[in-house]
Amino acid sequence: MDLLISFLETTGFAQMTWGNAVMILVGLVFIYLAITKDYEPLLLVPIGMGAVVGNIPSVESMALGVYDDGSVLQYIYFGVSNGIYPPLIFLGIGAMTDFSTMLSNPKLILLGAAAQIGIFLTLLGALFLGFTGPEAGAIGIIGGADGPTAIFLSAKLAPHLLGAIAIAAYSYMALVPVLQPPVMYLLTSKKERLIRMKPPRQVSQREKIIFPIAGFLIAALIAPGSLTLVGMLFFGNLLKESCVTERLANSARNAMVDIVTILLGFSVGASTQADNFLTPQSLKIFGLGALSFIVATAGGILFAKFMNLFLKDKINPLVGAAGVSAVPDSARVVQMVGQKEDPENFLLMHAMAPNVAGVLGSAIGAGVLWSVLVGG
Amino acid sequence: MNGIENIMEQEGIGLAITGMSIVFIALLLITFYIALLPTLLKHLEKILPEQKSGHQRAEGKESEEEDLMVAAAIATAFRRRKKLKESR
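As they're listed, the protein sequences go chains A and B. Residue numbering for the first sequence follows this note's numbering, starting at 204 and increasing by one per position. Residue numbering for the second sequence follows this note's numbering, starting at 183 and increasing by one per position.
Read the hints as simulated data drawn from the structure, not as lab findings. Using N, Cα and C, we set each Cβ at its ideal position, and we do this for glycine too. Keep in mind that a hint or two might mislead.
[Said to hold, decoys possible] Result set (EDC-like, lysine to aspartate or glutamate): computed pairs, CA atoms no more than 16 Å apart in a straight line:
id, chain 1, residue 1, chain 2, residue 2
1, A, Lys-393, A, Glu-544
2, B, Lys-267, A, Glu-410
3, A, Lys-543, A, Glu-395
4, A, Lys-401, A, Glu-547
5, A, Lys-411, B, Glu-232
6, B, Lys-267, A, Asp-545
7, A, Lys-394, A, Glu-544
8, A, Lys-394, A, Asp-516
9, A, Lys-411, A, Asp-461
10, A, Lys-411, A, Glu-544
11, A, Lys-401, A, Asp-516
12, B, Lys-264, A, Asp-545
13, B, Lys-224, A, Glu-410
14, B, Lys-264, A, Glu-547
15, A, Lys-394, A, Asp-545
16, B, Lys-265, A, Asp-545
17, A, Lys-393, A, Asp-545
18, B, Lys-265, A, Glu-547
19, A, Lys-310, A, Asp-516
20, A, Lys-394, A, Glu-547
21, A, Lys-508, A, Glu-395
22, A, Lys-515, A, Glu-395
23, A, Lys-517, A, Glu-395
[Claimed, not checked] Here are some of the chain B residues that sit facing chain A, going by a computed Cβ distance under 8 Å:
id, residue
24, Met-183
25, Asn-188
26, Leu-197
27, Leu-211
28, Pro-231
29, Glu-232
30, Leu-266
Take these sequences, add in the hints, and give me the full structure.
Encoded structure:
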């Protein structure tokens with residue numbers, strides 16, 4: 204009988220806290236949103252299931268959770284806590300990204316730069332709420348709207364906030380179709396939303412091959428901290444564009460990126476154990492995250508309007524919203540909002556330029572913050 | 183510590199301005215480089231003419247698949263346009 208009672212005391216039911224129950228519910232909501240609303244299913248399903256798994260309470264002497272030395276989950280989480288998975292995801296992103304639209308209309312890159320204001324204003328907001336410099340830097344990068352970059356920088360600057368930052372970044376990326384349109388309508392007139400842009404020019408294969416090498420040199424020499432992310436991004440793109448490494452490019456953009464996404468999503472989800480995650484700090488991070496997406500979107504749109512003051516061929520300011528690097532969701536949102544005004548206006552190709560520039564911008568921003576704030 | 187005092191203590195404003203400037207300068211340089219690239223390539227073409235290699239994508243299976251996708255996209259756009267005209 205004693206044996207049975209001691210066994211019952213070790214079950215998850217007996218040890219369940221209200222925090223664990225809340226986090227399991229959050230995990231289930233993620234899975235629900237992914238399946239029924241199609242919100243970033245490739246990320247929300249692994250993260251949601253990870254959150255459910257990570258919040259099953261276990262016996263203290265058993266190494267099961269991501270924070271228990273020697274557990275299987277800890278080995279999987281190693282790739283997150285040491286910033287290994289994000290560069291590998293960047294390699295895959297590089298191998299699937301076509302920079303043609305950016306190369307054909309380089310001025311749109313500046314919209315990707317302007318949207319990074321979200322990172323730096325959020326950093327100020329985090330400092331205002333009492334976070335330390337490195338913590339504020341890690342929180343600020345949520346404004347880059349780039350999950351892997353957010354994980355990479357948090358792992359380096361504020362590992363104790365990694366779970367909350369990663370969940371905030373990915374949740375808001377999934378909510379881009381909800382967060383961005385109100386800002387877009389608020390900051391643009393109907394006349395501006397109807398602007399049609401010139402079709403992009405044909406880009407030669409030579410341009411596409413030279414770009415990743417030169418682009419990497421410029422970015423990494425200015426901000427060496429971005430070397431890992433930008434290097435892998437451009438390496439992946441070189442594999443794609445060189446035409447001689449098609450097999451490697453295929454593996455990078457398909458099998459490899461899928462495997463890493465599964466491991467990253469699941470272990471990030473499993474890291475959201477209630478006692479680490481349900482804190483007042485997490486609430487502040489979620490608030491700042493939402494604000495950062497709104498500021499970043501507004502930054503891109505307002506800068507497009509500013510550029511229009513000097514340009515002969517006007518830019519549709521909606522395209523500026525794609526400067527937040529949530530690829531390709533924010534570009535899709537631009538297309539959707541643009542087509543509501545004029546069903547024959549195709550903005551998707553134009554929006555992809557600031558969108559991929561935003562990926563570059565947030566990686567460079569992360570590099571800058573890492574080099575300045577590390578050890579702070 | 184929090185509020186403006188913390189921002190000042192951590193040199194937040196300087197950090198934000200410097201960070202934003204570096205991101206802008208890096209992307210501005212990439213913009214200039216891309217804008218100059220066609221001209222640079224014209225000069226390069228004289229010294230090092232582009233050669234057709236066996237690895238060019240144009241004749242591969244992928245290009246056939248891409249052609250099919252482009253054709254499908256054009257057909258969809260035409261259909262949509264036709265529908266729109268009919269509804270007006």
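Right, here's what the structure says about each hint:
no. : hint                    : verdict
1   : A/Lys-393 <-> A/Glu-544 : holds, 7 Å
2   : B/Lys-267 <-> A/Glu-410 : violated, 40 Å
3   : A/Lys-543 <-> A/Glu-395 : holds, 13 Å
4   : A/Lys-401 <-> A/Glu-547 : holds, 14 Å
5   : A/Lys-411 <-> B/Glu-232 : holds, 13 Å
6   : B/Lys-267 <-> A/Asp-545 : holds, 13 Å
7   : A/Lys-394 <-> A/Glu-544 : holds, 9 Å
8   : A/Lys-394 <-> A/Asp-516 : holds, 15 Å
9   : A/Lys-411 <-> A/Asp-461 : violated, 25 Å
10  : A/Lys-411 <-> A/Glu-544 : violated, 33 Å
11  : A/Lys-401 <-> A/Asp-516 : holds, 8 Å
12  : B/Lys-264 <-> A/Asp-545 : holds, 15 Å
13  : B/Lys-224 <-> A/Glu-410 : holds, 11 Å
14  : B/Lys-264 <-> A/Glu-547 : holds, 11 Å
15  : A/Lys-394 <-> A/Asp-545 : holds, 11 Å
16  : B/Lys-265 <-> A/Asp-545 : holds, 14 Å
17  : A/Lys-393 <-> A/Asp-545 : holds, 10 Å
18  : B/Lys-265 <-> A/Glu-547 : holds, 12 Å
19  : A/Lys-310 <-> A/Asp-516 : holds, 11 Å
20  : A/Lys-394 <-> A/Glu-547 : holds, 15 Å
21  : A/Lys-508 <-> A/Glu-395 : holds, 9 Å
22  : A/Lys-515 <-> A/Glu-395 : holds, 14 Å
23  : A/Lys-517 <-> A/Glu-395 : holds, 9 Å
24  : Met-183                 : holds, 7 Å
25  : Asn-188                 : holds, 5 Å
26  : Leu-197                 : holds, 6 Å
27  : Leu-211                 : holds, 5 Å
28  : Pro-231                 : violated, 11 Å
29  : Glu-232                 : holds, 6 Å
30  : Leu-266                 : holds, 6 Å
Of the numbered hints given earlier, the model fails hints 2, 9, 10 and 28; all others are met.
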